[in-house]
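Going down the list, the sequences are from chains X and F.
For the first sequence, this note's numbering gives the first residue as 24, with consecutive numbering after it.
For the second sequence, this note's numbering gives the first residue as 24, with consecutive numbering after it.
To be clear, the hints were calculated from the coordinates, so they are not data collected in a lab.
Careful, some of the hints might be misleading.
[To be verified] Within a straight-line C-alpha distance of at most 30 Å, the following computed DSSO-like cross-link-like pairs (lysine-lysine) qualify:
#1 X/LYS516 to F/LYS407
#2 F/LYS345 to X/LYS425
#3 X/LYS345 to F/LYS463
#4 F/LYS359 to X/LYS356
#5 X/LYS355 to F/LYS356
#6 X/LYS516 to F/LYS492
#7 F/LYS132 to X/LYS345
#8 X/LYS407 to F/LYS516
#9 F/LYS210 to X/LYS516
#10 X/LYS210 to F/LYS359
#11 X/LYS356 to F/LYS531
#12 X/LYS418 to F/LYS516
#13 F/LYS59 to F/LYS345
#14 F/LYS359 to F/LYS492
#15 F/LYS355 to F/LYS531
#16 X/LYS345 to F/LYS425
#17 X/LYS345 to F/LYS359
#18 F/LYS158 to X/LYS356
#19 X/LYS488 to F/LYS488
#20 F/LYS435 to F/LYS359
#21 F/LYS345 to X/LYS210
#22 X/LYS359 to F/LYS407
#23 X/LYS355 to F/LYS345
#24 X/LYS345 to F/LYS418
#25 X/LYS516 to F/LYS355
#26 X/LYS345 to F/LYS92
#27 F/LYS356 to F/LYS210
#28 F/LYS234 to F/LYS29
There are 2 protein chains.
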Amino acid sequence: MKVMEKVERWGIYEWTGNGHDDGNPFVDYEIVGTFKGEHEEKTVKGFYDGDGRYVVRFMPSYTGTYTYKIYGNFTDQTYEGTFEVTEPSEGNHGPVSVANTYHFQYADKTPYYPIGTTCYVWELQSDELIEQTYKSLAESGFNKIRFCIFPKHYDYNLREPRSYPYVGTPVDSSILTPDNFLEYTGKTEGNNWDFTKFNPEHFRHIERCIKRLMEMGIEADIIVFHPYDRWGFSQMTRDQDTLYIRYLISRLAAFRNVWWAMANEYDLFEHKNAADWDYIGTLFMKEDPYNHLRSIHNCREFYDHSKNWITHCSIQRQDLYKGAEFTTEWRKKYQKPVVLDEIAYEGNIQFGWGNITGEEMVRRMWEGAIRGGYPGHGETYLSKDNILWWSHGGKLHGESWKRVKFLLEILKETPGLGLKCDTSRMEEWDAVIGIPEDDKLAEETGYQLFYYSFMRPSFRQFRFKDDKKYRVEVIDTWNMTITDAGVHSGCFKIDLPGRQYMAIRLRKA
Amino acid sequence: MKVMEKVERWGIYEWTGNGHDDGNPFVDYEIVGTFKGEHEEKTVKGFYDGDGRYVVRFMPSYTGTYTYKIYGNFTDQTYEGTFEVTEPSEGNHGPVSVANTYHFQYADKTPYYPIGTTCYVWELQSDELIEQTYKSLAESGFNKIRFCIFPKHYDYNLREPRSYPYVGTPVDSSILTPDNFLEYTGKTEGNNWDFTKFNPEHFRHIERCIKRLMEMGIEADIIVFHPYDRWGFSQMTRDQDTLYIRYLISRLAAFRNVWWAMANEYDLFEHKNAADWDYIGTLFMKEDPYNHLRSIHNCREFYDHSKNWITHCSIQRQDLYKGAEFTTEWRKKYQKPVVLDEIAYEGNIQFGWGNITGEEMVRRMWEGAIRGGYPGHGETYLSKDNILWWSHGGKLHGESWKRVKFLLEILKETPGLGLKCDTSRMEEWDAVIGIPEDDKLAEETGYQLFYYSFMRPSFRQFRFKDDKKYRVEVIDTWNMTITDAGVHSGCFKIDLPGRQYMAIRLRKA
């Protein structure tokens with residue numbers, strides 16, 4: 024008797040088989056799978072994985088028995104079978120989607136409060152460095168990471184990646200220096216790629232990384248295109264883009280932790296316009312069977328985040344001084360979750376986007392979070408080995424990452440799903456007040472989180488007109504302490520230490 | 024032989040004599056003086072100083088022999104005489120006026136770069152405290168101070184002033200507490216003032232303070248009206264305002280260091296509208312014989328600083344996060360000097376406008392200064408004796424005041440008169456670049472002051488296309504050091520310590 028194959032809910036059922044390897048199987052042959060359970064039926068495209076091997080991946084959204092059929096011109100045969108979808112294992116909450124307009128939750132309704140980091144090409148580094156990155160991520164508590172499929176050409180990023188996405192050979196990079204790299208940005212001469220032939224090992228490796236992140240409970244915010252390019256990957260034709268995107272979807276969409284970021288700094292692409300981005304975003308929307316989250320990230324001008332293919336705003340702050348503080352306005356404008364994927368980097372490199380203090384990084388994160396947005400972290404400290412977290416992962420050298428778990432714990436104690444900023448109280452013009460998104464819950468719980476940012480009040484006075492009793496806590500967001508300040512009602516005064524980065528949390532006693 | 028009386032240029036010639044003391048001399052009698060020198064002839068009003076004494080004050084703008092004639096219905100007599108105006112003594116540069124559109128200079132063409140502070144009612148405190156304030160001012164290097172003629176009613180300002188401007192009696196203040204003072208703001212019941220009878224000693228005392236400031240080289244930015252009032256001084260009729268303003272002009276205008284600030288937080292006055300402020304400002308413009316500087320200060324909304332009676336913008340920042348950074352825009356909008364009279368206070372009181380760090384205060388000052396504006400200081404540290412610099416003067420407790428002289432020294436080394444912000448260089452988007460206001464001087468001197476604010480570059484790269492040779496200095500604005508970084512040209516790299524608050528100054532070698 025054959026034992027039935029088992030896969031957990033929101034896990035991956037993977038079918039592998041052989042087929043034609045003549046011609047260019049990446050474009051000449053197709054493989055499709057239809058999967059049917061009690062509550063869903065999905066047809067998904069498979070992909071060619073090299074060496075005559077074809078793969079179909081499927082993520083079941085329900086438990087129970089599934090049947091499948093694998094077909095297509097990759098072979099003359101059709102394959103059928105059955106598998107059992109079991110309850111998810113601990114830590115598997117399913118894919119994340121938008122909920123409560125401005126927020127996120129996992130498929131099992133567990134709230135998800137993203138606090139991510141950016142390591143553009145961490146997965147294209149050495150095995151040793153990649154392991155170090157996992158270790159750092161585990162210590163930090165980040166639950167999202169942004170990274171690219173394509174290698175990166177930029178200051179501090181002049182080395183070759185471990186592999187390329189296409190078959191071919193790259194331009195000689197030995198002439199590159201920190202002083203001349205800009206001249207070679209966007210120059211494609213000397214490259215020799217076949218944009219119809221993928222390098223399966225490049226993707227297999229990235230998949231291993233995504234799987235490892237998944238096991239760690241970290242969402243993989245995949246940057247599909249980026250402009251820091253000396254290979255031509257940012258200048259492909261629409262057909263080449265389409266082939267690439269379909270290959271990505273067929274390989275990666277079954278990973279529950281995948282998000283699609285169409286571009287980093289879309290406005291720096293010289294060879295793509297808004298119609299291209301709309302085409303790309305719409306293609307993901309139509310063809311990703313699991314409707315993973317989709318965004319597009321700016322350098323200067325925001326993309327129009329109100330477009331229907333965009334699920335949430337992925338924002339780089341536009342102003343040198345003020346960023347996360349605009350979360351309130353951006354939420355109102357776009358009526359979508361606001362993810363602050365770049366609000367500058369803690370570090371000390373020469374660029375203004377990459378040299379704020381740890382204190383300021385944490386301040387920006389709290390400002391964004393209390394306003395009901397989702398702050399991202401970044402780190403750019405110079406190092407002798409030229410390994411900067413921002414691109415390469417590795418070790419974290421700063422101070423802000425140490426405060427991520429604490430912020431996450433506070434967010435997880437929000438009643439309901441997500442905070443919003445209460446801007447209605449004139450007398451509190453100088454505090455950022457986070458209250459539950461849901462007004463009824465806000466009233467019921469009395470939850471109010473007052474954040475004082477860089478200000479240093481030695482005390483604050485509260486004047487409530489009702490007689491609600493509040494349990495008051497003083498939160499030091501930098502030193503990560505929560506101090507009970509007693510139960511109060513009506514008019515009362517709460518002492519503070521006169522330091523920056525303090526908060527006061529009120530909850531109905 | 025009678026020795027000719029002598030007064031220095033921009034000093035005060037004061038005529039005193041007796042006249043009628045029946046009725047109400049403040050309104051019933053008039054005294055006028057006409058002064059004539061080789062280069063000017065001015066008619067100025069005098070004032071009643073109590074006890075039958077009448078005074079006329081005149082500030083000569085030129086040297087040489089002046090004749091005068093004193094007349095009016097204060098007496099039947101006319102007085103004539105002659106005095107000699109000598110060269111100004113050291114430190115006397117004359118009154119300040121607007122120059123080079125966005126800047127200030129003294130009458131003798133010496134540039135004046137205001138870096139002021141605010142002590143609203145320092146001069147209405149005890150003699151001992153006032154002496155302490157002079158000492159603090161001398162140590163700090165501030166060259167302007169904002170203060171009120173009327174006493175102040177506000178949190179931490181519940182004590183009685185040393186004197187009142189009018190004859191009468193104030194409301195009982197013994198019931199006031201930090202918790203109830205707001206309820207009494209604007210309540211005038213219980214006061215008993217005769218708004219037609221000034222208390223000369225109140226003004227004589229203030230004059231002694233202004234004179235002392237003058238001797239110290241400090242401009243007296245006099246706040247004519249303010250809304251923190253429990254006496255009714257903010258609610259007088261137009262006739263009462265007019266009488267008060269004329270009395271002020273006749274007493275104070277001859278002091279070369281006087282500026283007129285029509286109001287602090289004009290938009291908090293419930294009993295005055297824009298027409299009132301225009302009337303008041305225009306009255307000063309028409310009747311002040313010396314055309315002293317005139318401004319009006321906001322709480323939330325700016326007054327329309329483009330009005331002709333306003334000589335310069337006196338600005339309180341509107342945004343919790345960003346203030347001095349807008350100097351560039353405000354200059355462009357109003358085409359007048361931008362004086363940042365409140366960009367928050369270094370301190371630790373409960374209010375968001377009064378609890379920033381010394382570092383942030385200094386940062387805001389540099390941001391404003393390098394953009395060609397003029398930053399003001401303020402300090403609000405809690406103290407057991409409730410003496411806060413912001414209102415009472417006394418001792419300075421913070422850190423920012425210690426950095427004022429250093430910033431002033433840097434400003435004084437500007438070629439020509441005043442800086443402006445060079446916003447034309449995209450590659451320097453993350454630096455604030457101060458260059459001389461005059462383009463020809465900027466080109467000739469190569470002067471460029473790059474300020475990195477809260478950013479922490481470990482180095483900066485410069486790429487000049489010409490072969491101009493620059494003497495480079497690294498300036499630590501917090502630690503107040505200037506370090507020679509050699510002579511460079513073309514493309515060069517300047518190392519920095521990777522700390523906040525650094526600047527680089529370039530000057531043609």
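Going through the hints against the structure:
no. : hint                 : verdict
1   : X/LYS516 to F/LYS407 : 18 Å, holds
2   : F/LYS345 to X/LYS425 : 27 Å, holds
3   : X/LYS345 to F/LYS463 : 34 Å, violated
4   : F/LYS359 to X/LYS356 : 35 Å, violated
5   : X/LYS355 to F/LYS356 : 29 Å, holds
6   : X/LYS516 to F/LYS492 : 60 Å, violated
7   : F/LYS132 to X/LYS345 : 39 Å, violated
8   : X/LYS407 to F/LYS516 : 18 Å, holds
9   : F/LYS210 to X/LYS516 : 26 Å, holds
10  : X/LYS210 to F/LYS359 : 47 Å, violated
11  : X/LYS356 to F/LYS531 : 49 Å, violated
12  : X/LYS418 to F/LYS516 : 27 Å, holds
13  : F/LYS59 to F/LYS345  : 50 Å, violated
14  : F/LYS359 to F/LYS492 : 34 Å, violated
15  : F/LYS355 to F/LYS531 : 28 Å, holds
16  : X/LYS345 to F/LYS425 : 27 Å, holds
17  : X/LYS345 to F/LYS359 : 26 Å, holds
18  : F/LYS158 to X/LYS356 : 53 Å, violated
19  : X/LYS488 to F/LYS488 : 66 Å, violated
20  : F/LYS435 to F/LYS359 : 20 Å, holds
21  : F/LYS345 to X/LYS210 : 40 Å, violated
22  : X/LYS359 to F/LYS407 : 49 Å, violated
23  : X/LYS355 to F/LYS345 : 21 Å, holds
24  : X/LYS345 to F/LYS418 : 34 Å, violated
25  : X/LYS516 to F/LYS355 : 44 Å, violated
26  : X/LYS345 to F/LYS92  : 61 Å, violated
27  : F/LYS356 to F/LYS210 : 38 Å, violated
28  : F/LYS234 to F/LYS29  : 18 Å, holds
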